[in-house]
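> In the order they appear, the protein sequences are chains W and U.
My numbering puts the first residue of the first sequence at 4, with every later residue one more than the last.
My numbering puts the first residue of the second sequence at 8, with every later residue one more than the last.
It is worth saying that the hints were derived from the structure and are not from the lab.
Predicted model only: the values in this text are computed from it and were never measured.
The following label-pair restraints were derived from C-beta to C-beta distances:
1) Ala641/W with Val77/U: 49 to 55 Å
2) Ala106/U with Phe630/W: 52 to 58 Å
3) Thr31/U with Leu675/W: 20 to 26 Å
4) Met8/U with Leu675/W: 27 to 33 Å
5) Ile635/W with Val77/U: 55 to 61 Å
6) Val673/W with Tyr59/U: 23 to 29 Å
Even for Gly, the Cβ is constructed at its ideal location relative to N, Cα and C.
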Amino acid sequence: MVGLDFFVYAFLVPLLPALAFVVLGLTGKSFRNGGGLLAVGAEGLALLLSVFFAYEESVSTTGIYHDSSFVWMGLPDGTNFVMGTLMSPLGALMLLVVNIVGFLVVVYSLEYMSHEEGLPRYYAELMLFLTAMNLVCLADNFLEFILAWELVGLCSYLLIGFFWKKPEAASAAKKAFLVTRVGDVLFFVGVFIFFTSLAGVVNPSITTLPYQGQVCPGGQVTWACAGFTFAPPNANSNAPFLAPGTITSPGYGSNLMTLAGLLILGGAAGKSAQFPLHTWLPDAMEGPTTVSALIHAATMVAAGVFLLAITSIYIGFTSTAALVILGIGSFTSLFAGTMGVVARDIKRVIAYSTMSQLGYMVMGVGASSLVLVGPGDAMFHLFTHAFFKALLFLSAGSVIHAVGTQDLFAMGGLLRKMPVTAFTMLIGALALSGIPPFSGFFSKDGLLALTWAASQHYAVALPFFLLALVGVFLTGFYIFRLWFLTFSGSHSRTPGLHGHEPSWIMRAPLVALAGLTLVAGVLPLFGGFANLLPGVQWGTLGYSYTSSGWVFSSSDLMVAIASLVLAFAGVGTAYVFWGNGRVFSLPENSWLRAPHTLLLRKYYFDEVYDGLAHGVILGVARGLDWFDRYVIDGTIHAFERLFSQASERGRRIQSGLVSNYASWIALGLVVLLVAIIYGIPWLDSLWGGG
Amino acid sequence: MIPLDELLVFSGLLFSIGIFGVLTRRNFIMLLISVEIIMNSAILNFVTFSAYSPSSSVAQAVSGQGIAVVLIGLAATEVALGLAIVLALNRIIGSVDVAKAMELRL
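Chain U extracted, bound-state conformation:
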């Protein structure tokens, strides 16, 4: 079994990479991918803690995995929504550069 520390460090690395991507990328698609990476680090955390759960109850032990499945579904819908926004953005401003999408400002 992979040690807990390594799993958590891996998850933390994934999270940091995702944050880095969100902060530095200006391409909307890259942003979406970064958000997906952040989400995957969270899912990894759920699965990890589920596996290392001290509880003897099976139901409790696998609950983290259940949440992971739900989160994967969530990520899929998020991507669908995100890509729809990208397409709409591309149609409106002719680019997928988030720096150019500043219509929200007052």
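Okay, chain W solo, but in the shape it has when bound:
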């Protein structure tokens, strides 16, 4: 352990990819292969640093490194906007996730993207993406956070639209940008509420993000112990502010707090593709598969959950906001799963699974706020999910790279041709389904147990817990439908489809991610890793591991058994329908046809939003256009016409005849004489002969 002094260099983690971005952006064309190796180098160093920081953070007894000495803007009233660095347990964990996945994706890109055009642009944008995401992890105040957050949005726009010549890709990029923008606007308003009302101008310290987990006097990092710089503007007021160090009751809060919490949820829902702002995520599959892996595992969508996690200490003040978060998350987890069941595109199935898993995380943050623990369980799921989701995407990328199609029904029988890919994807699928001993089992189990505990305090949460359980069944079903359709059977359904394993450059990240997927689930048992997950309750089959040893809870056991049974049932059902190369298709006259179409059309959300855009927004825009054209422009044009017509008339005076001008001069002389002789005395008499 080097000590906290080393955290001074935390800024290097975003800086390294940023430098690579600048170099590649300016001189990328002069590198071989678009400068991929430079990107790998920069990201590798950032990875080493973040592993080191995460380790330091996990064993540290002081917990938090906070540097806010750099003042960006100072206001006369003493409010300072700083560009600070906050190294906290959650931030360090997030850095770890971002850079592990980022590094492996960049390595994988070396081969996967090698045949594409515009590689310097690709690597430069990738580096900017990772810079922005690292900044999100380290931001110490909302303003800095928003800057990084927006940069993340911009980069995902650029990368989703990487194949900009394809109209679908361009429109998917636009959609991702616009839909998340809706959430961002909500988020900004929420932050403004924090800035103005909740902090008060008296105490500008609220501009600091909540400390992400605190070290209590005993040295143990817990979620809510002490030292929030969150004092009420007036100590005597009974405003909804938390007295430092105590959370009295879960319902402690005000309407404004609820509103702020819900608005922040809006921002997170936009970024994390939660219902009803989820529509951009499936379309984002138009980007390169590597980008999908990055966006879905570690960067864009994880930012939303991270935002909820670090602000959950505020949101937890009001049970209403926390309940809405729980509800949205659990609903999305089921809602996305149903669409994943019918999708034909291999990447879209995984995209729906991302939405669904993010739903679990959001639900977990809501539940942890309800039972007043840290968002560790949700962050644990984010951690494990990052690896198996990146694994699934990169495996899918390997398949697409080999067979050149994304249609599941065109594949089949690839197991023998691509054994490594099939095997790594199987590990990813098992982890996603929540089958032990893969990582997804532990983290998902934790989330479900947490939600069950929350539903014991708030009965309203119980139906949402059940929705999440159904989601577990669907997860196993759709991901194994994908696996069976891709790999099982003796031959492919498309004649002449030749699969082959990619080279080791692409296989190495797959194997590495598979290894991480295997071990990530039990990491909280080792060293201080649990310190990075404030509030996590690591456990399995009813036993949970706490600082005082193993604790048994029968309700946790029930939840674990239920989710296990459902996960196995999902996988088994998938085997019945699709296993061994079987292809199940609905009979023409089946009553399931109508729901099937509904799911294929994604519940008609795109149509509804398009209708909304065409009807309401376009109508408003037309009205504004009319106002601009006829009222504002009309006024100006009227003046213009007035002057142009007046001068049109006036120019007739200009005859060009010198005698005429002379007459005018003479006339002027006469007028002047009359004015002097008669006018001045008249004026004098008017003012009293002064």
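We have chain W; now place chain U onto it with these hints.
Here is chain U on its own, set in the frame of chain W:
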């Protein structure tokens, strides 16, 4: 000494004749002559008022005459310029009729 009134009336007559010439003549040379007449009426006014100046200072008393000398010089240069314009006009449009010189119009 000639009475002040007569001098001023004479000056006014000169001015009016000049204005009349400017307004009615179309020949550029006649116009120039009319302008000269107007100018001479102004010069006459200066000299008149200078002569009738109540000031006891000699310098002030003769200042009007000084201005008159300057104005005569001015008139000479004006004629030179005017005749140059007449020549140029004659070369361009083949006439000294100002009614035909309407190129200034839009």
